[in-house]
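Chemist: Here is how the chains run, residue by residue.
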Amino acid sequence: MDRLYVIGRDEVPQRITLGAGESLRATFVFPSRVDSALDLTVDLTGPGAELDLAGIFVCADAETVDIRMNVRHLAGGCKSNQLFRGVADGRSNVRFDGLVYVAPDAQKTEAHQSCNSLLLNEGARVQTDPQLEIYADDVICSHGAAIGYLSADEMFYMRSRGIPEEEARRLQIMSFLSPVLSRLPESAYSLIGFQR
Amino acid sequence: MIMNEVLLDIKGLHASVEGKEILHGVDLQIRRGEVHAVMGPNGAGKSTLSAVLTGRPGYEVTAGSVSFAGRDLLAMTPEERSWAGLFLSFQYPIEIPGVSMTNFLKAAVQARRKAAGLPELSAAEFLALIKQKMALLKMKPEFAKREVNVGFSGGEKKRGEIFQMAMLDPVLSILDETDSGLDVDALKIVAEGVNSLKTPQTSAIIITHYHKLLEYIVPDVVHVLKEGRIVRTGGRELADRIEAEGFEGIDG
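Heads up: the protein sequence lines correspond to chains A and B, in order. The numbering used here applies: residue 9 is where the first sequence begins, and numbers increase by one. The numbering used here applies: residue 170 is where the second sequence begins, and numbers increase by one.
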């Protein structure tokens with residue numbers, strides 16, 4: 009299943025269970041300029057269950073984005089991948105809490121989680137707290153959270169080609185968001201302030 | 170001999186990086202249609218010169234002037250310099266994941282047209298332009314679809330720079346160490362590209378510390394930059410002498 013959820017527009021589940029052999033590809037969009045929250049638990053309960061989840065936020069103003077993810081590998085042989093990308097401008101406030109739990113007998117689990125954000129303004133705030141709780145020993149797990157800034161080298165490269173500063177900034181933001189942006193239909197771009 | 174109009178006029182240029190002076194008074198004059206080589210050992214200030222000319226942030230000009238086609242180059246932003254016809258082929262081209270070469274160049278070409286008061290190209294016109302330039306440089310059509318410099322080999326990156334140069338039709342191109350990291354085959358391809366873009370109205374500065382590239386792109390004038398100053402200016406025979414004897418014996 010491939011699902012797109014726009015927070016505040018669509019009905020968003022709080023709990024999803026994926027049984028043996030079931031898979032879900034889901035993308036969550038946190039629209040710009042409104043407060044939004046996601047509090048989601050995904051249980052992988054049967055072997056071969058696969059979760060491919062992504063989220064994107066482009067905070068432009070003073071909005072708050074609150075993401076709480078809880079992915080629980082309750083059976084072995086399941087895969088989960090969580091990929092969040094976002095930018096925080098203005099006086100926005102982003103909080104990401106992500107827990108990946110691997111039960112004691114959930115061997116051969118593969119679980120990845122990353123939440124990378126770009127800070128565009130000193131007044132913006134991003135707080136990420138990724139956590140792994142692993143009780144099985146034969147697993148492949150990774151998590152990462154990086155907060156960065158626009159790259160001066162990329163900016164100069166684009167401007168030296170005649171791309172004006174504002175447009176260069178926009179391209180660089182799109183480049184940063186591209187791993188998640190590429191999952192969205194173009195009709196969803198305007199929700200996060202992009203036109204194409 | 171008819172002397173063409175002066176395109177670039179650098180006078181007494183001093184520039185610093187992080188408070189440390191790197192260029193100690195550079196004078197350089199380039200006329201339309203000329204190819205100049207700037208050679209020099211590591212740390213001579215070659216890359217600082219190209220950075221200052223293109224307006225890279227972090228480089229401070231403390232004295233001197235640069236006029237480009239009669240305008241005060243140093244007063245212009247990097248994008249304005251590009252619109253005026255200046256192009257820098259980067260020594261280390263930057264990767265921009267998720268942005269295709271086509272979209273990148275579209276942004277650049279349209280911005281330049283807007284600055285010149287021209288209407289934007291339609292999608293079809295832009296595609297035709299890209300195809301024409303790729304054919305000129307004998308490049309595979311897939312190239313335009315790839316993300317900017319992502320996963321490119323050293324040779325592909327440099328060819329990509331020359332392709333961008335072809336798309337932007339510059340009046341003055343600065344090739345900063347375009348030969349670094351290239352094998353002879355890649356070097357020939359890049360040089361062929363540069364030569365095919367040459368016109369009597371356009372000029373180029375080839376920055377290098379090797380002689381090799383200058384066998385394929387023959388300069389009209391060779392300058393030796395050492396310790397932030399141009400210490401010698403001559404014809405192509407100067408490059409041959411450097412090849413044979415190194416920079417050691419060449420001083421002002």
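Don't read these hints as lab results, they were simulated from the structure. One or more of the hints may lead you astray.
Claimed, not checked - Simulated restraints on C-beta separations:
| # | chain 1 | residue 1 | chain 2 | residue 2 | range |
| --- | --- | --- | --- | --- | --- |
| 1 | A | Asn129 | B | Lys357 | 44 to 52 Å |
| 2 | B | Leu305 | A | Ile148 | 27 to 35 Å |
| 3 | A | Ser31 | B | Ile263 | 48 to 56 Å |
| 4 | A | Asp43 | B | Lys367 | 38 to 46 Å |
As the list claims (entries may be wrong) - Counterexamples of contact, computed for chain B against chain A with all Cβ distances above 12 Å:
| # | residue |
| --- | --- |
| 5 | Asn173 |
| 6 | Gly233 |
| 7 | Gly254 |
Positions of the beta carbon are idealized from the N, C-alpha and C atoms, including for glycine.
Chemist: Does the claim that Gly254 of chain B lies off the interface hold, with its Cβ farther than 12 Å from every Cβ of chain A?
Modeler: violated, 10 Å
Chemist: Given the hint of 44 to 52 Å, is the C-beta distance from Asn129 of chain A to Lys357 of chain B inside that range or not?
Modeler: For Asn129 of chain A and Lys357 of chain B the Cβ distance comes to about 48 Å; the hint holds.
Chemist: Taking the beta carbons of Leu305 of chain B and Ile148 of chain A, is their distance inside 27 to 35 Å?
Modeler: violated, 48 Å
Chemist: 48 to 56 Å was suggested as the range; check whether the CB atoms of Ser31 of chain A and Ile263 of chain B agree with it.
Modeler: violated, 37 Å
Chemist: Is the claim that Asn173 of chain B lies outside the interface with chain A correct, judged by CB distances over 12 Å?
Modeler: Given that every Cβ of chain A is farther than 12 Å from that of Asn173 of chain B, nearest at about 25 Å, it holds.
Chemist: Does Gly233 of chain B sit more than 12 Å from chain A, CB to CB?
Modeler: Fine: 21 Å to the nearest Cβ keeps Gly233 of chain B off the interface.
Chemist: Can the suggested window of 38 to 46 Å be confirmed for the beta-carbon pair Asp43 of chain A and Lys367 of chain B?
Modeler: Roughly 58 Å apart at Cβ, these two residues miss the hinted range, so it is violated.
Checked against the numbered hints given earlier, this structure breaks hints 2, 3, 4 and 7; the rest are met.
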